[in-house]
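Since the structure of chain R is already known, use the hints to place chain W on it.
Protein chains: 2
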Amino acid sequence: MEKNLIYLVLLASIVALGFAYYFFRQMMKESEGTDVMKKIALHVRKGAMAYLKQQYKVVIIVFIVLALIFAVMAYFDLQNNWVPFAFLTGGFFSGLAGFFGMKTATYASARTANAAKNSLNSGLKVAFRSGAVMGLTVVGLVLLDIAVWYLILDHFVEDADATHKMIYITTTMLTFGMGASTQALFARVGGGIYTKAADVGADLVGKVEAGIPEDDPRNPATIADNVGDNVGDVAGMGADLYESYAGSILATAALGASAFMMTSPTMQLKAVLAPMLIAAAGVVLSIIGIFMVRTKEGAQMKQLLGALGRGVNTSSFLIAIATFVILYFLQIDNWIGISFSVIVGLFAGIIIGQSTEYYTSQSYKPTKKVAESSKTGPATVIISGLGLGMISTAIPVVTIGFAIVLAYLSAIQFDMANLLSAQNLGLGLYGIGIAAVGMLSTLGITLATDAYGPIADNAGGNAEMSGLDPEVRKRTDALDALGNTTAATGKGFAIGSAALTALALLASYIEEIKIALVRIANAASDGLVAVGSKMMDAEAIKLASFGDFMDFYNVNLMNPIVLVGVFAGAVMAFLFCGLTMNAVGRAAQSMVEEVRRQFREIKGIMQGKAEPDYARCVEISTKGAQREMLLPSLLAIIVPIVIGVIFGVAGVMGLLIGGLSSGFVLAIFMANSGGAWDNAKKYIEEGNFGGKGSENHKATVVGDTVGDPFKDTSGPSLNILIKLMSMVSIVMAGLTVAWSLF
Amino acid sequence: MEKNLIYLVLLASIVALGFAYYFFRQMMKESEGTDVMKKIALHVRKGAMAYLKQQYKVVIIVFIVLALIFAVMAYFDLQNNWVPFAFLTGGFFSGLAGFFGMKTATYASARTANAAKNSLNSGLKVAFRSGAVMGLTVVGLVLLDIAVWYLILDHFVEDADATHKMIYITTTMLTFGMGASTQALFARVGGGIYTKAADVGADLVGKVEAGIPEDDPRNPATIADNVGDNVGDVAGMGADLYESYAGSILATAALGASAFMMTSPTMQLKAVLAPMLIAAAGVVLSIIGIFMVRTKEGAQMKQLLGALGRGVNTSSFLIAIATFVILYFLQIDNWIGISFSVIVGLFAGIIIGQSTEYYTSQSYKPTKKVAESSKTGPATVIISGLGLGMISTAIPVVTIGFAIVLAYLSAIQFDMANLLSAQNLGLGLYGIGIAAVGMLSTLGITLATDAYGPIADNAGGNAEMSGLDPEVRKRTDALDALGNTTAATGKGFAIGSAALTALALLASYIEEIKIALVRIANAASDGLVAVGSKMMDAEAIKLASFGDFMDFYNVNLMNPIVLVGVFAGAVMAFLFCGLTMNAVGRAAQSMVEEVRRQFREIKGIMQGKAEPDYARCVEISTKGAQREMLLPSLLAIIVPIVIGVIFGVAGVMGLLIGGLSSGFVLAIFMANSGGAWDNAKKYIEEGNFGGKGSENHKATVVGDTVGDPFKDTSGPSLNILIKLMSMVSIVMAGLTVAWSLF
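Line by line, the protein sequences give chains R and W.
The first sequence begins at -6 in our numbering and counts up by one.
The second sequence begins at -6 in our numbering and counts up by one.
Keep in mind that the hints were calculated from the coordinates and are not lab data.
Please note that the accuracy of each hint is not assured.
In this list, chains with the same sequence are indistinguishable; a pair is considered to hold if it fits within one copy or across any two.
Subject to a maximum C-alpha distance of 27 Å in a straight line, what follows is the list of computed DSSO-like cross-link-like pairs (lysine-lysine) [as the list claims (entries may be wrong)]:
#1 K368 <-> K685
#2 K675 <-> K368
#3 K362 <-> K616
#4 K596 <-> K368
#5 K616 <-> K358
#6 K368 <-> K616
#7 K616 <-> K361
#8 K31 <-> K602
Chain R with its partners taken away, still in its complex shape (with noise of 0.2 Å):
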């Protein structure tokens, strides 16, 4: 029987999980170095764990208050009685895949840089395995969580009709997509203050004032800087994509679950179960692809990524023929159409990937540019920083454009005649969501090569610190530079995903609104609820396709309600990067400060006689950081309900329309400027228009400081900005339905 296939899910989870042990276990084995080096790592290590503490027990009150509104909701019968449940165990999960990551992190870096002094490829086979460890760990817990979720929900609910059941239950499902991006959000937030605070600090003072190199032990800020790649760049990064991955997942599902409603409770069950099994075979064949990164000592650049991307592909390849054999064998309708979409995705992906790298690599022309744009000083640095990513944000949008139209027509076998018939518009939207299943199949692996990035940058900074040899430096710069480029790489995927997934939850959105007018008809004394101007009962709502729901609340582009809420969704966006920003700036400068007065009053500090008090710039940093991601965070959960509440539906689905568009073209542009300044720098640093020191260099260093909110901070944030806004409207749905204004 079908429902059983959700057990290989589970199977795919342990195996998962089980690499992820595998090669955490392995990475232990290694040497952690001489005692400097274990004293440097400890230190990190503790600072990234209080970090953590201090965070999570803010955002413990935050989901306990949420829950409890939650539970409210329910007890008035405005959501059903699981969600507060799956809201919390989605949350538990996200930060879960956080933590392991960061634990493991911290553990790598020490030694890395100690198997760097062996090899080249010594240095890279353990970063990259103990960032395969995150890679893994996150897609073994998306889909422990799912499948299990999927179980408990399975034997407990009850409803006669099949077709219904299974729509409550993905919907449900959803829900704890909610508790992932709120997790996700106040980690990628407060650690993406964190980390660029202690950056920001460290390179204004120490690189461009005292003129020491970086994570010189003599930098107090320095120890709070390597703690903010653990805590900003992996943790952040885990929950985001613990939370792309449920997010698509569980969307497409709930599409499917509407979609081939109609069709059979057979049908809905595979389609239902189609994007879990995509992803169950993404996970072993990313391991596959783990396997397969290894390189030859005195690699170059080019030869590392040629490694990294020999990896991907081959996971690409096998998961695009895995894909097939998986439609083909479930006899899921239009097989061939749905795994062209699945395909769709994936390529959409290839070329975000391709053109991120192009637009911030130091290999291409427009990153030289800029490096070239430093003769005439740090402004001209910015302004053509900032005109590249603007330019940049082209191909990566137009190319999702195509991925829609190509992923809905191929779902609906091209049918240009019907082309938004009912059927169809269920259909394609299936098709789009699963495009997004697609893209994201390869997580184990591409997650790996992102979190290895970091795991690179503090093994560097470990190797300065404790003055090892100059060339095991260079080699975990080699390693480090790599990073730089598939993390940008790795938030294209993250970006690109968030907008098709955000499309498939504009459907669940509707799902959702059914969904609660179909109980508040049942609970009506005379079974009729109002459905914008209409009356109607709950068997012609459940009848009612999506096209009628836009009829029924005038959710066309000519009614004005619906534009205010574009407005609004656009706004949020500028308004969620201006507040992140700001609050990187003020807490960077108050590192500065810091760092400044350490160098002041630590008299010996500079000649190495006397230890900064690094334990000071780590408090100043995790304060920051806690003190400001707050009310961002908020905003995206309440501007959402407020919205909601006045202005209804169309209010409601301008909101998230406003929001996407500007949001997604916002991140590209803010991670593609920042990804380019760091490589300009990068760029002169290699000796280029007067190489290191010269003017030209500190002009690049402006842009890479202006750089590091952009892309490690406000940039990254705005993909789950983007979700968590769509999740809380669909949790939310039945208070819109019950009471809006308009």
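Just chain W now, kept in the frame of chain R:
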């Protein structure tokens, strides 16, 4: 008979142009000062005229090509025969408004400097009255153009049905809006690139590297910089606001024609005349305000602002009263409600102005914080300025959101039960359009406050270069600082009104689609045409409402085509800014290199013994601007056509909404960041945080330089981009319905 009221509009236009001429003659009577002053003014005037000539040469080609395309379309019955001519006149008058304004400005600067020798008040009077020439020329020409075209079309167009004739007339007149927008975009982009390339180049080498003051005659780029103020900030702004003003009136007239189509021909005529009459009253009442602007000697910033504020507030108050009187005498349906819609627009403009002032003036906390962040170097200045700009988008966007809702509700008498009925939707959109007219009704005086800024700036340049007493420079500086704030406020108006006008244009787009469909249906042998997936005849199309069309073409938020359009719109805004930013960067870089070369190669330049080669710098700016302005401007014309031909009506409406929402927010962000950086620098120059020449000052100069293209090139062009894309879509509607792929 009501029709004769159009002569009142003609009369107001003549009054405006008469007073413009009067102020011009008055200004010309003032002495231009010493021979040196005259010589410098002549240099600037010649450079500006040479640039404008060059620019018109390029623009004329574009206009001829477009007019030919329209002629071909008219030949194939895809447009009517008036369109090419209306298009050309719109472009011609828009250019003329910029030309007159610039001519006045270049005559006024030396005279302002000379008058400032006597007293601050004399300086203010000359500069402000010269600004008024521009303000009154713009509004006068718009009203002239509208009144004359109305009379022509009313006379020549033959249509038995009076109501359809009116729709035909008003939509045809929109084409001249497209001419104005096209001209304005070239003027803003070309002028913007020119002025900022010169400004950035002059500042970077002069102020930062060589350490000589602004406008020092030893700086080879200083003449180009002063020319730039005229071609960018005066001619560009004139064309821009001509377009905004004309656009808002024409869009509202077109909406009036369709909203009152079902009521009666007389009521329809009144609705078409109402925005024109309100604008006409605004012109006359602005003149009264202009006469009220004067100040005492020794006036502080506050009193100067007070003097301008008094003028604007008086005008606003009188216009509010006049609106009620006009609409009462017109006896238009629900005259009270519609009057309130006008007031909503007026108020929204004032709130946006206040919020702009708060975020960009050094008298308030936000800009002071940016100045303070200079303590930690240029990077934190950039971060905090970007953060400020992003946050500052919230108030204007929320204000516009409220204005949309209130203007709509007020126009439909708060008929919440039928919020979106066909009748109410038309009325409500008319309310939104007329709110934009209300917001711009004070343009005669607000544009005067805006245009006087660059005149004062140039006066300062003239005073510096001709070695006048430092006291004179201090006075012109006071005038200039004030100009910064009024310029920022002016941009707020332009952007806010653009958002409202763009919404009104959406309705005109549907109206034009309707006309095109009727034309095709009438030409078809069976009298039927495909409307979305339906076949309809001309009568059915004429009777269909806006909402029906949303339905026919599935212009709702679940349609992936709409979403692809929204993405395309969002990316257009960013791409456009990126291209213009890079254009400025590139042009500035050539300028920097040229100035450095002259400092190096022309001996004695720094001792004031040899004269720099000013002409070479003027040439570099001119060439750079011409080369760089084409691509972004043409994109704005081509993309809507391509989207229309591929994705049809749903795609185009998505594009327009995506461009509007992202562009609106992005424009505010860029304008306010730029304004704040400029004033943060001024705040330090006033002696705070180390004052002129300190490291902090240098850091804010970097901010100011980045802000230059933000606030004077990319940002202000966005509001034109938004409307031009709408206008192009409207004019090309025939193509879209005849040929689109989807």
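The hints, checked one at a time:
1. Taking identical chains as interchangeable, the C-alpha atoms of K368 and K685 lie at most 27 Å apart whether they share a chain (14 Å) or sit on different chains (24 Å).
2. In this assembly of identical chains, the alpha carbons of K675 and K368 lie at most 27 Å apart whether taken from the same copy (15 Å) or from different copies (26 Å).
3. Proximity of K362 to K616 under the C-alpha cut-off of 27 Å is restricted to the inter-copy arrangement: shortest distance 21 Å between copies versus 38 Å within a copy.
4. Taking the shortest alpha-carbon separations for K596 and K368, only the inter-copy value of 23 Å comes in at or below 27 Å, while the best intra-copy value is 37 Å.
5. Taking CA atoms no more than 27 Å apart as the test, K616 paired with K358 passes between copies only; the shortest distance there is 24 Å, against 40 Å inside one copy.
6. In this assembly of identical chains, K368 and K616 lie within 27 Å of each other by CA distance solely across copies; the values are 22 Å between and 38 Å within a copy.
7. For the identical chains of this complex, K616 and K361 are inter-copy neighbours only, at 24 Å across copies versus 38 Å inside a copy, given an alpha-carbon limit of 27 Å.
8. Taking the closest pair of Cα atoms, K31 and K602 come within 27 Å of each other only inside a single copy of the chain (21 Å); across copies the shortest separation is 67 Å, beyond that limit.
The structure shown violates none of the earlier numbered hints.
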